[in-house]
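Note that the sequence shown covers residues 1 to 320 in UniProt numbering.
By construction, these hints were calculated from the structure, which means they are not laboratory data. Yeah, the Cβ is synthetic: ideal placement off N, Cα and C, and Gly gets one too. Mixed in with the good hints, there may be bad ones.
Keeping only pairs whose Cα atoms sit at most 20 Å apart, straight-line, the calculated EDC-like set for lysine to aspartate or glutamate is [claimed, not checked]:
#1 Lys260 <-> Asp216
#2 Lys40 <-> Glu196
#3 Lys3 <-> Glu139
#4 Lys116 <-> Asp74
#5 Lys260 <-> Asp307
#6 Lys282 <-> Glu138
#7 Lys282 <-> Glu248
#8 Lys164 <-> Glu138
#9 Lys116 <-> Glu235
#10 Lys287 <-> Asp216
#11 Lys3 <-> Asp238
#12 Lys282 <-> Glu130
#13 Lys287 <-> Glu235
#14 Lys164 <-> Glu91
#15 Lys282 <-> Glu139
#16 Lys282 <-> Asp254
#17 Lys282 <-> Asp216
#18 Lys164 <-> Asp143
#19 Lys290 <-> Glu139
#20 Lys116 <-> Asp238
#21 Lys116 <-> Asp146
#22 Lys260 <-> Asp203
#23 Lys287 <-> Glu139
Distance windows between CB atoms, simulated [to be verified]:
#24 Arg209 <-> Asp303: 35 to 41 Å
#25 Asp143 <-> Ala100: 18 to 24 Å
#26 Ala100 <-> Gly316: 31 to 37 Å
#27 Thr92 <-> Ser58: 18 to 24 Å
#28 Met211 <-> Asp34: 22 to 28 Å
#29 Ala100 <-> Asp203: 25 to 31 Å
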Amino acid sequence: MGKVCVTGASGYIASHIVQQLLTRGHVVHGTVRDVANSAKTAHLSTLEGAEKRLRLFSADLVTGGFEAAVLGCDGVIHTATPVMLTAEDGETEIFEPAMAGLEHVLAAIDRAPEVKSFVLLSSTAAVAPEPRPAVVSEEHWSDPQDKREQGKWYGCAKTTKELKAREWAAARPLIRYVAINPTLVVGPMLQPGLNESMRILADIVTGARMMTAPNDSFSFVDVRDCAAMHVAAYERDDVTGRHLCVAESLHWNDIFATLKEIYPAVPDVQPYRGGGLVAPIKFDTTKQQKSLLDMALRRSTRDILVDAVAELQNRGFLAT
1 MGKVCVTGAS GYIASHIVQQ LLTRGHVVHG TVRDVANSAK TAHLSTLEGA
51 EKRLRLFSAD LVTGGFEAAV LGCDGVIHTA TPVMLTAEDG ETEIFEPAMA
101 GLEHVLAAID RAPEVKSFVL LSSTAAVAPE PRPAVVSEEH WSDPQDKREQ
151 GKWYGCAKTT KELKAREWAA ARPLIRYVAI NPTLVVGPML QPGLNESMRI
201 LADIVTGARM MTAPNDSFSF VDVRDCAAMH VAAYERDDVT GRHLCVAESL
251 HWNDIFATLK EIYPAVPDVQ PYRGGGLVAP IKFDTTKQQK SLLDMALRRS
301 TRDILVDAVA ELQNRGFLAT
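Let the sequences and hints guide you as you build the complete structure.
Below is the structure:
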């Protein structure tokens with residue numbers, strides 16, 4: 001089995017990645033902001049296998065400190081990044097820490113000769129050119145300057161990070177580089193608090209985000225499937241490059257109809273009834289299928305939402 005560093009280990013997606021790596025017998029070095037902050041890390045220490053095969057290290061996106069965690073590992077899965085779609089100052093709160101963190105992690109890898117693979121958690125926010133193509137594939141890229149000018153700092157950061165990581169990897173042929181690009185990630189939470197993506201879903205379900213369905217489509221991926229794709233990308237020596245982590249999208253009319261079936265307390269959102277109904281985005285999953293990474297995407301949109309809404313209910317984030 002391998003030894004892998006997972007940055008941002010206490011985060012929503014990363015916690016599931018750590019759990020699955022431990023389940024599969026790997027040794028995990030996880031980085032967190034403060035090892036002494038048990039409120040943020042206790043859920044990791046209770047994972048099966050954590051006592052013997054999980055070690056936590058303090059590291060920070062801005063100030064660094066990733067070297068000790070990366071040293072001795074054969075792979076790195078970099079998930080740590082500010083996760084917020086809006087901020088008062090997006091450049092300083094989202095973009096700059098994200099880029100600084102990547103620089104620190106890449107520098108740590110350069111000092112660790114044992115590292116043979118680097119997996120980056122990216123986003124479909126980096127696969128969103130304008131105008132939108134009819135079929136989205138890994139060949140599509142967001143324009144970071146457009147994102148910057150639109151104030152979409154999360155998408156700007158994700159795209160710029162990917163471009164930087166790809167450039168770095170091209171100069172290091174002995175390190176296998178993979179980027180995973182998930183859509184909105186929802187589902188069971190291992191961490192104690194409500195993370196940003198599940199907060200977005202809670203706002204959708206309660207009507208806090210919108211009361212009229214837009215003429216557009218949207219997509220979700222289950223956090224367990226997203227984590228499984230990262231683990232497979234680390235374990236599989238033949239996997240390289242970008243990989244979409246999404247199977248399908250639905251029109252918002254269908255999303256709200258599904259949510260209403262799942263959770264009758266969903267407010268009566270006005271469906272879009274205008275002309276020119278936008279067709280849902282289609283995703284080219286050819287690369288997923290060739291690499292077999294599509295095997296990680298086991299859940300349909302309905303199944304994803306059933307489990308995610310149940311999690312919000314059970315954790316008290318929705319009215320019962």
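A quick look at each hint next to the structure:
no.	hint	result
1	Lys260 <-> Asp216	18 Å, holds
2	Lys40 <-> Glu196	15 Å, holds
3	Lys3 <-> Glu139	31 Å, violated
4	Lys116 <-> Asp74	5 Å, holds
5	Lys260 <-> Asp307	14 Å, holds
6	Lys282 <-> Glu138	12 Å, holds
7	Lys282 <-> Glu248	7 Å, holds
8	Lys164 <-> Glu138	16 Å, holds
9	Lys116 <-> Glu235	11 Å, holds
10	Lys287 <-> Asp216	25 Å, violated
11	Lys3 <-> Asp238	18 Å, holds
12	Lys282 <-> Glu130	15 Å, holds
13	Lys287 <-> Glu235	17 Å, holds
14	Lys164 <-> Glu91	17 Å, holds
15	Lys282 <-> Glu139	14 Å, holds
16	Lys282 <-> Asp254	15 Å, holds
17	Lys282 <-> Asp216	12 Å, holds
18	Lys164 <-> Asp143	14 Å, holds
19	Lys290 <-> Glu139	15 Å, holds
20	Lys116 <-> Asp238	12 Å, holds
21	Lys116 <-> Asp146	34 Å, violated
22	Lys260 <-> Asp203	14 Å, holds
23	Lys287 <-> Glu139	10 Å, holds
24	Arg209 <-> Asp303: 35 to 41 Å	22 Å, violated
25	Asp143 <-> Ala100: 18 to 24 Å	22 Å, holds
26	Ala100 <-> Gly316: 31 to 37 Å	35 Å, holds
27	Thr92 <-> Ser58: 18 to 24 Å	22 Å, holds
28	Met211 <-> Asp34: 22 to 28 Å	40 Å, violated
29	Ala100 <-> Asp203: 25 to 31 Å	30 Å, holds
The structure does not agree with the numbered hints 3, 10, 21, 24, 28 stated previously, though it agrees with the rest.
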